[in-house]
Amino acid sequence: MKEDSDVSDIVPEKKYVISYEVDLFFTGLYSVYKFIGRFFKELFSLPFEFKEIINQCYQVGYKSLPLISLTGFITGIVFTKQSRPSLAEFGASSWLPSLISIAIIRALAPLVTALIAAGKVGSNMGAELGSMKVTEQIDAMEVSGTKPFKFLVVTRITAITLMLPILVLYTGLIGMIGSYLNIHQNELTSFTAFFNSALKSISFLDITASIFKALIYGFTIGAAGCYQGYHATNGTKGVGKAANAAVVISMFMIFVEEMVIVQVVNTIR
Amino acid sequence: MDTRAINIESGETVISIRGLKKAFDNNIVLRGIDIDMLKGENIAVLGRSGSGKSVLIKIISGLLKQDSGTVKVLGQEVEELTEEALRELRLKIGFSFQSSALYDSMNVKENLAFPLVRNKLSLTQKEINIAVESVLHDVGLSQTIQQMPSELSGGQRKRIGIARTLIMKPEIMLYDEPTSGLDPMTCIEINNLIIKVQQQYNASAIIITHDLTCAKNTANKVTMIIDGKFLVPGSFEEIFNAKNTNTSSFYDYNFINSK
Numbered sequence: 008m009k010e011d012s013d014v015s016d017i018v019p020e021k022k023y024v025i026s027y028e029v030d031l032f033f034t035g036l037y038s039v040y041k042f043i044g045r046f047f048k049e050l051f052s053l054p055f056e057f058k059e060i061i062n063q064c065y066q067v068g069y070k071s072l073p074l075i076s077l078t079g080f081i082t083g084i085v086f087t088k089q090s091r092p093s094l095a096e097f098g099a100s101s102w103l104p105s106l107i108s109i110a111i112i113r114a115l116a117p118l119v120t121a122l123i124a125a126g127k128v129g130s131n132m133g134a135e136l137g138s139m140k141v142t143e144q145i146d147a148m149e150v151s152g153t154k155p156f157k158f159l160v161v162t163r164i165t166a167i168t169l170m171l172p173i174l175v176l177y178t179g180l181i182g183m184i185g186s187y188l189n190i191h192q193n194e195l196t197s198f199t200a201f202f203n204s205a206l207k208s209i210s211f212l213d214i215t216a217s218i219f220k221a222l223i224y225g226f227t228i229g230a231a232g233c234y235q236g237y238h239a240t241n242g243t244k245g246v247g248k249a250a251n252a253a254v255v256i257s258m259f260m261i262f263v264e265e266m267v268i269v270q271v272v273n274t275i276r
Numbered sequence: 524m525d526t527r528a529i530n531i532e533s534g535e536t537v538i539s540i541r542g543l544k545k546a547f548d549n550n551i552v553l554r555g556i557d558i559d560m561l562k563g564e565n566i567a568v569l570g571r572s573g574s575g576k577s578v579l580i581k582i583i584s585g586l587l588k589q590d591s592g593t594v595k596v597l598g599q600e601v602e603e604l605t606e607e608a609l610r611e612l613r614l615k616i617g618f619s620f621q622s623s624a625l626y627d628s629m630n631v632k633e634n635l636a637f638p639l640v641r642n643k644l645s646l647t648q649k650e651i652n653i654a655v656e657s658v659l660h661d662v663g664l665s666q667t668i669q670q671m672p673s674e675l676s677g678g679q680r681k682r683i684g685i686a687r688t689l690i691m692k693p694e695i696m697l698y699d700e701p702t703s704g705l706d707p708m709t710c711i712e713i714n715n716l717i718i719k720v721q722q723q724y725n726a727s728a729i730i731i732t733h734d735l736t737c738a739k740n741t742a743n744k745v746t747m748i749i750d751g752k753f754l755v756p757g758s759f760e761e762i763f764n765a766k767n768t769n770t771s772s773f774y775d776y777n778f779i780n781s782k
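Chains A and B are the protein sequences, given in the same order.
Basically this note's numbering = 1-based index in the first sequence + 7.
Basically this note's numbering = 1-based index in the second sequence + 523.
Mixed in with the good hints there might be a few duds.
Straight-line alpha carbon distances no greater than 20 Å define the calculated DMTMM-like cross-link-like pairs of lysine to aspartate or glutamate that follow [as the list claims (entries may be wrong)]:
{"no.": "1", "chain 1": "B", "residue 1": "K643", "chain 2": "A", "residue 2": "E56"}
{"no.": "2", "chain 1": "B", "residue 1": "K643", "chain 2": "A", "residue 2": "E59"}
{"no.": "3", "chain 1": "A", "residue 1": "K154", "chain 2": "B", "residue 2": "E606"}
{"no.": "4", "chain 1": "A", "residue 1": "K154", "chain 2": "B", "residue 2": "E603"}
{"no.": "5", "chain 1": "B", "residue 1": "K544", "chain 2": "B", "residue 2": "D750"}
{"no.": "6", "chain 1": "A", "residue 1": "K41", "chain 2": "B", "residue 2": "E606"}
{"no.": "7", "chain 1": "A", "residue 1": "K244", "chain 2": "B", "residue 2": "E603"}
{"no.": "8", "chain 1": "A", "residue 1": "K154", "chain 2": "A", "residue 2": "E59"}
{"no.": "9", "chain 1": "A", "residue 1": "K157", "chain 2": "B", "residue 2": "E606"}
{"no.": "10", "chain 1": "A", "residue 1": "K48", "chain 2": "B", "residue 2": "E607"}
{"no.": "11", "chain 1": "A", "residue 1": "K48", "chain 2": "A", "residue 2": "E59"}
{"no.": "12", "chain 1": "B", "residue 1": "K643", "chain 2": "B", "residue 2": "E606"}
{"no.": "13", "chain 1": "A", "residue 1": "K48", "chain 2": "B", "residue 2": "D750"}
None of these hints come from the bench; they were simulated from the model.
Treat the numbers as computed from the prediction; the structure is a model and nothing was measured.
Given only the sequences and the hints, what does the whole structure look like? Please build it.
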């Protein structure tokens with residue numbers, strides 16, 4: 008039997024508006040908890056769906072490269088341009104590579120990549136699964152002896168969780184190149200000097216924390232997108248709502264998680 | 524090919540439903556359904572929109588849970604099955620959805636191969652290709668093998684949807700509104716296909732429909748859901764010759780050509 012149909016069927020009675028909203032909030036929270044619990048349960052159960060995971064990695068990773076490249080490159084250039092006047096005022100333009108590398112690796116690369124992925128991949132997951140749900144394709148999979156949760160949800164969440172760290176490192180590199188080109192144009196700094204200075208300022212903890220953040224953001228984007236899509240109702244309107252909610256919820260959660268992780272990393276540092 | 528359903532007098536019971544009840548919030552849809560279906564038998568279920576016809580077959584296939592009552596399919600009580608046992612049982616049930624529910628991102632060949640690829644791991648690619656071509660031939664759509672679902676007409680989508688279930692050689696077919704939204708000529712093609720499935724695959728079927736021509740031509744028995752309960756199933760003539768306001772209004776609306 009479908010496990011989470013039990014959860015989505017729970018609708019609190021609409022007797023009193025406030026208690027109804029509170030009930031709805033906690034019912035929703037319980038439904039998310041069940042959904043995530045089911046993900047971890049099915050993640051480690053057979054069959055492992057490696058082929059579909061690789062297909063999804065291609066979809067969410069490789070196909071996001073053009074957008075991520077452009078965004079990372081522009082972020083590097085813009086941040087360098089914006090930072091230069093402030094540093095130049097104190098005669099500290101030579102600190103630009105250090106400042107840029109710290110900003111990009113610690114914060115900008117994970118955040119920008121996650122927000123782009125939330126918009127592109129999260130909305131896509133919400134819309135695709137939502138559309139499959141309302142056109143009974145998920146039911147069709149279920150009655151044909153396939154586990155749709157495993158095939159559609161587990162593979163997508165796993166793929167984005169694995170691919171986001173790689174995309175974050177890639178964005179970091181592209182951002183640094185953008186920054187270098189801008190610095191080279193203005194200060195004639197050599198490639199080696201720029202990267203020597205930039206890399207000296209970055210610690211192992213910075214890179215580890217970025218990868219860890221990317222894992223968390225990736226899971227959040229996948230879970231939000233798949234949850235919204237998998238529970239879509241009310242036809243095309245519901246599909247639009249699922250895609251929209253997937254983006255809004257994952258972006259909101261990414262900022263909350265960023266705040267928490269920064270606090271934790273600063274404590275460790 | 525005979526254009527009427529084969530008459531089944533006796534045999535093994537493949538579906539047995541007793542006291543089936545289902546409600547959504549305060550809306551009680553099924554109020555106690557009882558029915559037995561024999562092997563090879565086609566039963567048409569009529570009823571108004573929202574009367575619970577689709578809910579009934581979703582409960583039979585385990586997509587929905589009943590509130591009370593028992594549903595035995597091929598001797599197994601659906602509600603009590605483990606996830607794996609239910610998966611095994613579903614391989615013996617073909618479900619043709621009202622919307623066809625073809626996978627948008629796959630072409631016809633991939634749609635048809637999907638259940639085999641997922642469930643018959645020992646099959647080679649060549650064997651899968653042969654099975655796909657054979658079932659496409661059965662539904663008369665061999666030329667569509669490389670087409671995407673969006674390139675198919677409504678009738679073609681329905682037939683591909685049926686073909687996708689036939690590829691697993693089901694013992695029971697559940698048709699949800701197989702002729703809805705189709706032109707009369709395509710309806711005849713679908714009706715003939717339903718009979719062909721009964722004859723060629725010896726599959727029993729529940730046919731949910733509003734189309735009396737479909738019910739008359741494809742089913743051995745006809746029943747109707749009225750106020751959440753079944754009329755006693757009988758032949759088309761028995762049901763519609765009886766003076767019942769519900770069945771007569773249904774009959775009057777549909778122009779029936781007895782041929």
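Identify every previously stated hint that the structure contradicts and give their numbers, smallest first. 7, 13
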